[in-house]
Amino acid sequence: MSTSSVILQVNDLVKEYPGASTKRAVDNISFTVDTGSFFGLLGPNGAGKSTTIGCITGTHILTGGQILVNGYDVVSDYRSARRQIGLSSQEYNVNPFESVRHLISFMGGYYGLRWRERRERVDELLEQLQLTDHAHKQFKELSGGLKRRVVLARALVHQPPLLILDEPTAGIDVEQRRSIWTLLQELNVAGTTIIMTSHYLEEIERLCDRVAIINHGQIVSDRPTMAYQQAGRTLEDAYLAITAATEVTREP
Amino acid sequence: MNYIGLITLVQREMVRMFRVVTQTILAPLISAALYIFIFGTIVGTKIDEIAGVTYIEFVFPGILMLSIITAAFAHSSSAIFMHKYFNIIEEVLITPFSYLEIVIGYAVAGVARAILVALGVLGIGVLMGAVSLVSLPLFLFYVFGVAMVFSLLGMFAGLFAKNFDQLSMLTTFIITPFTYLGGIFYSLTMLPPTAQTLTTLNPFFYFVDGIRYSMTGITEAHTGIGLLVIIGLIVGIGGVVTQLFRIGWRIRQ
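As they're listed, the protein sequences go chains A and B. Position 15 (the first sequence) corresponds to 15 in our numbering; numbering is contiguous. Each number in our numbering comes from the position in the second sequence (counting from 1) with 1000 added on.
Derived by calculation from the structure, the hints in this document are not laboratory data. Heads up, a few of these hints could be off.
[Said to hold, decoys possible] Cross-link-like lysine-lysine pairs, in silico, BS3-like; alpha carbons within 25 Å at most: (1) Lys1084(B) x Lys137(A); (2) Lys1162(B) x Lys1084(B); (3) Lys147(A) x Lys137(A); (4) Lys23(A) x Lys1046(B).
[Unchecked claim] Derived, one-sided and incomplete: chain B residues facing chain A with beta-carbon distance under 10 Å: (5) Val1092; (6) Leu1093; (7) Ser1098; (8) Leu1244; (9) Ile1247.
[Stated by the list, open to error] Derived Cβ-Cβ restraints for the label pairs, each shown as a range: (10) Ser76(A) x Ile1174(B): 53 to 61 Å; (11) Tyr1085(B) x Gln230(A): 22 to 30 Å; (12) Leu1191(B) x Lys137(A): 55 to 63 Å; (13) Val1020(B) x Ile242(A): 45 to 53 Å.
We put the beta carbon where it would ideally sit given N, CA and C, even for glycine.
Please work from the sequences and hints to get the whole structure.
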């Protein structure tokens, strides 16, 4: 594993969806994420956030450019790159009929965790995420908040150095959202680098130390969170101003 | 090699299979039992021996092969298709599996289901006096080999299908007719010359003939052809499916 201070390096990433009219969802973007940071990726719906995450994690095929995770190329050294990442997807991409324990345990197995180690890790995560009482329930029986926690537990099972969270608190109540914030802050303090997308600007503002804004497939801003909050503005003010400005410059 | 990941993948598939055990194990056993009862007790007693064996002994290897083919194909095709449908396939795409390991994991799970069904069918066959054995190594080769061929073919079908209709297309237009026309219920000598020639072009004929030879000693084709067909199909279909996973055909955006 690389000891570099940069855990994620995205260079000139291009992603096009072929079809009758080829759509360029990500247009030549470059950015880096420092090891140990809490990085926010913001943008309107369809801006390219999830596509960028898909290219990093392996669910999408890159059209061009290069992505390095802890120094490992996601195309030529994809297995090493994938060991570095834990992904909590926006959608619940799990078998709805599977039990919570199985869902977390199987994920640990895919990452090569031995049986005993896996059992201990699953117990630890069930307790940490307050899922112990739901361990034997099927995923489909859970509430939205519990489902989010299961998906998060799966992402954490192999203790990845880079955690990628795509809308991790979408559709859950305030109490559960705050409990997830606390957990994420603890993980970050313990050394896990976190990349998060969210439509809740308040949580990005609260958790992230750096924020990039993506619009129409391009990074239109990438700076420390504090830099967006100058002159009494909130991140939301800055975000709206930046995305509106991007729309104006795109006018024919 | 991600051995623990591979074992986990197979384990997950076994859990999935036993969750719907009526559909995955009991249903094919009931079908096989009906075939054996009808062709052994009702029709079989009215038909003379074929090449020195009773009719039920003659057709039983074909019924066994039919059960293996159906179970292996159904398991891997439904696994891949449903995992695509619910986007569960993401689990194996984001974790450190090589594409060959993904193929091996799903294929072995399909073989495991076929073997469980085969054991049940053999048990029924023993009870009905339909089972004999001439060559155990050859028998095991045909059982495992054919299960692997159809597990891999099922994976291809699962990748290919964009909806339930397309998923059933391969079964309806290829698997079922080719299997039934592969000589399960009849000897090649019962057919007119043109049909005999056409049957020898059907690869399924060599599967049925091979397992029948291993169980009864009766063969209507060269056994070596069956062995070559099976090995060739495993390598060929396995290679194609691995390459399809590598390029993310219909599973990666």
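Results for each hint:
1. Lys1084(B) x Lys137(A): Roughly 23 Å separates the two Cα atoms, so the pair holds.
2. Lys1162(B) x Lys1084(B): Since the Cα atoms of Lys1162(B) and Lys1084(B) sit roughly 9 Å apart, the hinted pair holds (cutoff 25 Å).
3. Lys147(A) x Lys137(A): Answer holds: Lys147(A) to Lys137(A) is near 11 Å, not above 25 Å.
4. Lys23(A) x Lys1046(B): Violated - the C-alpha atoms of Lys1046(B) and Lys23(A) are around 67 Å apart, more than 25 Å.
5. Val1092: Holds - the Cβ of Val1092(B) comes within 10 Å of chain A, reaching about 7 Å at its closest.
6. Leu1093: holds (5 Å)
7. Ser1098: holds (6 Å)
8. Leu1244: violated (13 Å)
9. Ile1247: Status holds, d = 8 Å.
10. Ser76(A) x Ile1174(B): 53 to 61 Å: At 37 Å between Cβs, range violated.
11. Tyr1085(B) x Gln230(A): 22 to 30 Å: Because 48 Å falls outside the window, the suggested range is violated.
12. Leu1191(B) x Lys137(A): 55 to 63 Å: With a Cβ separation near 57 Å, Leu1191(B) and Lys137(A) satisfy 55 to 63 Å, so the hint holds.
13. Val1020(B) x Ile242(A): 45 to 53 Å: Distance hint for Val1020(B), Ile242(A) holds at roughly 51 Å.
Going through the hint list in order, the structure does not satisfy hints 4, 8, 10, 11.
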